[in-house]
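From first to last, the protein sequence lines are chains A and B.
Counting from 13, one number per residue, gives the positions in the first sequence under the working numbering.
Counting from 1267, one number per residue, gives the positions in the second sequence under the working numbering.
Some clues are possibly wrong.
Take a look, some chain A residues computed to stay more than 12 Å from chain B by CB distance [said to hold, decoys possible]:
#1 GLY73
#2 GLU185
#3 LEU290
If you anchor each label on the Cβ, the simulated ranges turn out as follows [claimed, not checked]:
#4 A:GLY44 with B:VAL1786: 39 to 47 Å
#5 B:GLU1385 with A:HIS304: 54 to 62 Å
#6 B:GLY1563 with A:GLY121: 26 to 34 Å
Which residues of chain A face chain B? A few of them, derived with a C-beta cut under 7 Å, are [stated by the list, open to error]:
#7 LEU67
#8 VAL87
#9 ARG91
Honestly, the hints are just simulated from the structure, not real lab data.
Virtual Cβ for every residue (Gly too), placed ideally from N, Cα, C.
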Amino acid sequence: MGDTAAIHVSGLVKSFGRVRALDGFDLSVAHGEVHGFVGPNGAGKTTTIRILLGLLRADGGRATLLGGDPWRDAVALHRRLAYVPGDVSLWPNLTGGEAIDVIGRAQGGLDEQRRAELLERFDLDPSKRARSYSKGNRQKVAIVAGLSVRAELLLLDEPTSGLDPLMEATFQEVIRERKRDGVTVLLSSHILAEVEALADSVTIIREGRAVESGSLASLRHLTRTAVTAETAHPPTDLEGMPGVHELTEEDGHVSFTVDGEHLEDVMRYLAHLGIRSLVSRPPTLEQLFLRHYAGAEGEAAS
Amino acid sequence: MSAFAGTRLMARLHLRRDRIRLAVWIVGIWLVVVPSIATFPGLYQEQRAIDLRNDLLMSNPVGIAVTGPGYGLEEATPENLGPMAVNEMSGSTIIAMALMGILLMLRYTRGDEEEGRLELMRAGIVGRFAPVTAAMLVVAAAMAILGVTMALGLVALGYAAAGSFALGLSMAAGGIAFAAIGALAAQLTEHARAASALAMGAFAVLFFVRVMGDVRRNAAIWFSPAGWVQSVRPFADERWWVLALPLAFALVLVGLAFALTVRRDVGAGLLPTRPGRARATAFLTRPLGLALRLQRGPLIWWALGMGAFGAAIGGLATEAQQTMEALDIYAEYFAATAGGTLVEQFLSAYLGFIAMTGIGHALQSAVLIRAEEGRGRAEPLLAGAVSRGRWVGGFVLATFIASTIVLGAAGAGAGASFAAATGDGAGFLRVLGAMLAYAPAVWLLPALALALFGVAYRWLGVVWGGLAWIITIAMLGPLMGLPEFTRQWTPFAHTPQMPAQDFEATPLLVMSAAIVVMAVIGFVGFRRRDVDLH
Chain A
13 MGDTAAIHVS GLVKSFGRVR ALDGFDLSVA HGEVHGFVGP NGAGKTTTIR
63 ILLGLLRADG GRATLLGGDP WRDAVALHRR LAYVPGDVSL WPNLTGGEAI
113 DVIGRAQGGL DEQRRAELLE RFDLDPSKRA RSYSKGNRQK VAIVAGLSVR
163 AELLLLDEPT SGLDPLMEAT FQEVIRERKR DGVTVLLSSH ILAEVEALAD
213 SVTIIREGRA VESGSLASLR HLTRTAVTAE TAHPPTDLEG MPGVHELTEE
263 DGHVSFTVDG EHLEDVMRYL AHLGIRSLVS RPPTLEQLFL RHYAGAEGEA
313 AS
Chain B
1267 MSAFAGTRLM ARLHLRRDRI RLAVWIVGIW LVVVPSIATF PGLYQEQRAI
1317 DLRNDLLMSN PVGIAVTGPG YGLEEATPEN LGPMAVNEMS GSTIIAMALM
1367 GILLMLRYTR GDEEEGRLEL MRAGIVGRFA PVTAAMLVVA AAMAILGVTM
1417 ALGLVALGYA AAGSFALGLS MAAGGIAFAA IGALAAQLTE HARAASALAM
1467 GAFAVLFFVR VMGDVRRNAA IWFSPAGWVQ SVRPFADERW WVLALPLAFA
1517 LVLVGLAFAL TVRRDVGAGL LPTRPGRARA TAFLTRPLGL ALRLQRGPLI
1567 WWALGMGAFG AAIGGLATEA QQTMEALDIY AEYFAATAGG TLVEQFLSAY
1617 LGFIAMTGIG HALQSAVLIR AEEGRGRAEP LLAGAVSRGR WVGGFVLATF
1667 IASTIVLGAA GAGAGASFAA ATGDGAGFLR VLGAMLAYAP AVWLLPALAL
1717 ALFGVAYRWL GVVWGGLAWI ITIAMLGPLM GLPEFTRQWT PFAHTPQMPA
1767 QDFEATPLLV MSAAIVVMAV IGFVGFRRRD VDLH
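Please take these sequences and the hints and turn them into a complete structure.
Printed below as a string of structure tokens:
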């Protein structure tokens, strides 16, 4: 089973009444990788994760999780995974510590040492009643409970919503440690910096379909690098070069964006003119993301 | 910016958001009070019946505790039933209206603050005193509407206008006074639950003060809003000025609440919150332990209340005998089926009513599972290694355990006071057994709730309609002359009415079988459907 993916989803369909939440969605997560699952609210991220957890039954398509069927083999699979929801609602009259134990036990049993360590690192007081916790502290309860469990797969659904930047950094540290231990992670998020910092590969979901999927590096290749340069001789031929866009010139500086596949040609041309200064910004996930969604709006408008 | 700025805005918000909740409180209480009083002319056609009823209730502490001082009872005649209506209804009505006042008040003040809604308002144009003022205005308006419509209902039934309005307005004033206690409690604690426990506790103490004053016939009644309300003496030379006492009391408490809002931060309380356990017990981490823990508080109150209810009924049973022998109407009511002594028949009938109250508890417990699902608290558990069957099983088992405790407490209370009153020690077990024989009848509706949870959870509310039906048939069926066959459409018609009747296993087994079938439907249905989290 070593070569099969930890999560494999193809053609997944799920409707709620007339709303089609998932519309032929595909996803593949390899063993041992951190897979970013990116999309705006309502795109179908939570629905996908709930199907993977066997809480919802898919209307069509196939989903395989750790080699099993998420609906039929739910309990057996759940022993091998841990889950952190993004919008946690806790029992108001239980303390945070009690909630961690209840959830952790349900998720297959806590590692005592990890529990203590994570409470410390996330700076959470477990003796307070859950109803007095802020959103961020409720989120920490879910994180501590989920990450204290020894699991081979982590399903994280916008796990850091409500956390402050310090805690966000702690969270990223913990995920990196788990990754070193060989844990597979599906990280749903709309905080792109977080995904960029953690993920090996990414799937972008829009209106229930995967619009882009691959390693972060290969996706970057698809997008444009922004370049600002000053050359000894004016770069007059840039205008007509394939892959060059948004060309502007000001005080002898040219600025433009260039498609990944043509970057090499453009750089060779600039070098030939004699580069005096050069600033190049690699594409961010954010640009990639915005391009897909800006595109969607454009389609909708036309 | 004035401290009262935004009061109108907030009051309108409450009215808009809670128009249905407010209407349910008002209509619900009205529908219990007015139709009950409407049955009096039919029940008390003879002076003898009136005198015996009054003697029975006023001659013993339990009767006085559950009714009141009984002003003007000596002048009650079949033409002047007002004093009896007051005696019979005012004690229970003030409890209902106090609950209404306290719960609404806390919802609009501490509840809003805890949810963070108040912060949003206070950050806007809303002044410091506006939340309490708006809440008080809305609750007072609801109380006034209930009091006036109650009075109009009595006038329409032919009761004297002065007494009718004295009763309606005194109840409204009492409700306002207890709502003000809620307003003060809301300022003291950080959480609505703690505030409601504090306010309910204060109400219980004040109610007890009234009871002691009435039973001992002393001035204690003047130290309780519940006492003031009855001292207005509707239908017995009304003393209108007494109405000013609860209203002045409310004003003073609201003033105190204002003073406290100045001294504390938004979101904070004056009383500290205690830290709890940092670790869960092993039991709590099982579905059954969690389900029991979630209903622990209400369960304790239900068990205590039902135990007291049972004890009151058990103690009254022997005293009831003389009245029952004299009253044809009661004979008709109780002796639909012959068997047992009159005391036993009285007990049997009232154990049935206690059991119906117990359905209220069992349903409250049974619908908890849907709240756990809908509010998303089930999610991390079902996403874990807890199977759906185990999760549902924990909650179902918790409901049956809690319900057994509540029925057992009522049965033990009734049995103990019956045994003490009659000197018949074996009576304890007989009465307890009779109470527990109602368990299958009590569990039918919770089992229906479970079946609906599995296959049609959006219809879960139907079970409350079922409870209303059972109560209507039982209370009004014999008096309203409903056709005989409809009286069979309730599990209580098929439960052996012990101790008057003999034990009979067949109907209990049939009901148990129905419970098992519905439970299976619920389990299987939930395993096959989507978990609906929001």
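Item checked: Violations among the numbered hints, reported as their numbers in ascending order -> 5
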